[in-house]
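Residue numbers (our numbering), protein chains in the order written: chain A, 1 to 98; chain B, 99 to 585.
Hints were generated in silico from the structure; no laboratory data involved. There may be inaccurate statements among the hints.
Here chain B is said to cover these stretches of chain A; the calculated rule only asks that three of the stretch's residues, wherever they fall, bring their Cβ under 8 angstroms from a Cβ of chain B [said to hold, decoys possible]: (1) 34 to 41; (2) 44 to 58; (3) 72 to 86.
Source: prediction; values computed, not measured. A virtual CB, placed ideally from N, CA and C, is assigned to each residue, including glycine.
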Amino acid sequence: MPAPNIDRTLVLHVAKLASLSLSDPEVDRFASELRRIVGYIEQLDSLDTRDVPPTANVSVDRAPGRPDEVAPGLDRDEVLAQAPAVESDGFAVPAFVE
Amino acid sequence: MSALVHTDRDVRAIADRVRRGEVTAESVTSASLARIGEIDPKIHAFLHVASDALDQARDIDRKRARGASLGPLAGVPVAIKDALVTRGVPATAASKMLASYIPPYDATVVARLRSADAVLIGKTNMDEFAMGSSTENSAFGPTKNPCDVSRTPGGSSGGSAAAVAGAMTPCSLGSDTGGSIRQPASFTGTVGIKPTYGRVSRYGLIAFASSLDQVGPLATDVRGAARVLSVIAGHDPRDSTSLDVPVGDYEAACDHSVRGVRIGVPSEYFAEGLDPEVQASVRAALSALSAAGCIVRPVSLPHTRFAVGTYYVLATAEASSNLARFDGVRYGLRSLGPAGKRDLRDMYGATRDAGFGAEVKRRILLGTFVLSSGYYDAYYLKAQKVRTLIRRDFESVFRDVDVICSPASPTPAFRLGEKSDDPLAMYLNDIYTLPASLAGLPAMSVPCAPTSAGLPVGLQVMARPLEETTMLAVAAAWEAESRRTLP
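Please work from the sequences and hints to get the whole structure.
So, in structure tokens, the structure goes:
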């Protein structure tokens, strides 16, 4: 496939998908660095992989499932102590419903 | 008490003396702490030294005084990569995102070290979220190579390698996603093992790329690393990728004869870009193994040159997904961003912008891009297919040989700053360690003859899945030979 044009618009689009706020100089720098890295990755195109199955994981076949049983979890107070903000025994976040 | 010294103060010597009561865990731990205090201000291997290290040691001494038998790592100070969580002790993954995070649980490997009567002496520096090959991507400043402080110790487990190379601890734990144990071991003259994918539990390892990550030991010698591996290996119901298969006797494997063991030497690993002195050192080790009775023969792994491109698609895709958890909600940093409109999405964006360093952002962006609509098939799916080809290369070669040997890295340790402004050059440094990671194979680095400038060189030994024993036998045979022949 033709190399994508990795410009400011694409970097800003991807940054939005990744929930990353980037500064203006960062957008320019990442666009230029990603162009080079993706340019290098394009070498994979030289391989014919039409009949090759993908490998998602190298050895899960011998990993057994775990019995679905109730077991003690982490201590709630110890976990909540790590939260940036707590309200009514839960994680507090800014409003997200208009 | 004098500092720990390689060879006479290795993992086994310490544990066995503590078990026999010839030395106390407290005195060993004091010596380790003194050495850290003496040289770590120059090296910066540690992000955190455990305030309760001496208490842990005294508990072990009391346990022995009560007549209880001690575990295989009795009184051995172990340094832990800061990507592993330890209850009540900071775990930052060398990121501002987790600068003040205190985990509420122990990683399984940490719990196993405790059960083996090891002393958890501190947490080591690393590239942020294990993304890097030099430990320069730490949010808390780089680690220096104890063999030459103008050079990097490699990465991402650079702090764990430097702790061992600097004789601060006889062993440490690292994690290896694309070479992050083997390359620093190679750069610092230590032994580092990446076990088979699934051999060691990752429960409590802060995830980078889940189809690749594996925890493993670094140590002053092969047998010491083998003993630590025996302690941490084995099935863990808390890690769904952990294999329920028998664990070998890794220490005994170091005494197995290597006569008749077939070693494949892939021509693709001795190609352009390989430092001539590294090549000579590795070739000399292979000649010695041949003289010791191994059958050394050339093999071909034709898709090797595609490993870097494949890895940097798959690892970044997985990282972009794994690192989505750092959103300022449950733990770690929260930033609300500039005043004014402050909704949840603004908080996510501002938190991630403030918490992540440049390399982590670069990889999240690349990983999100290769998974995004319109590009998934061309990059992510393509890389998964090439991963199959790389894996098949190994399957084919392992029909004819028992292990594969190569350099662990194309060059000795590079200088601090030498590659830090060129991400692609940094990535290309991983070319010899990435293929075994993509194929899920056990692989390790063991020191061979240093360069004329005295810089360490690592011989990489790779084996079939779950055949750590064969790998260790070859590594130990070379180590024995090297101690006989090298200064």
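Chain B covers the stretch 44 to 58 of chain A, three or more CB atoms within 8 angstroms, holds or violated: holds (count 11)
Three-residue Cβ test at 8 angstroms for the coverage of the stretch 34 to 41 of chain A by chain B: holds (count 6)
8 angstroms C-beta criterion, at least three residues: is the stretch 72 to 86 of chain A covered by chain B: holds (count 9)
Hint compliance for this structure: every hint is met.
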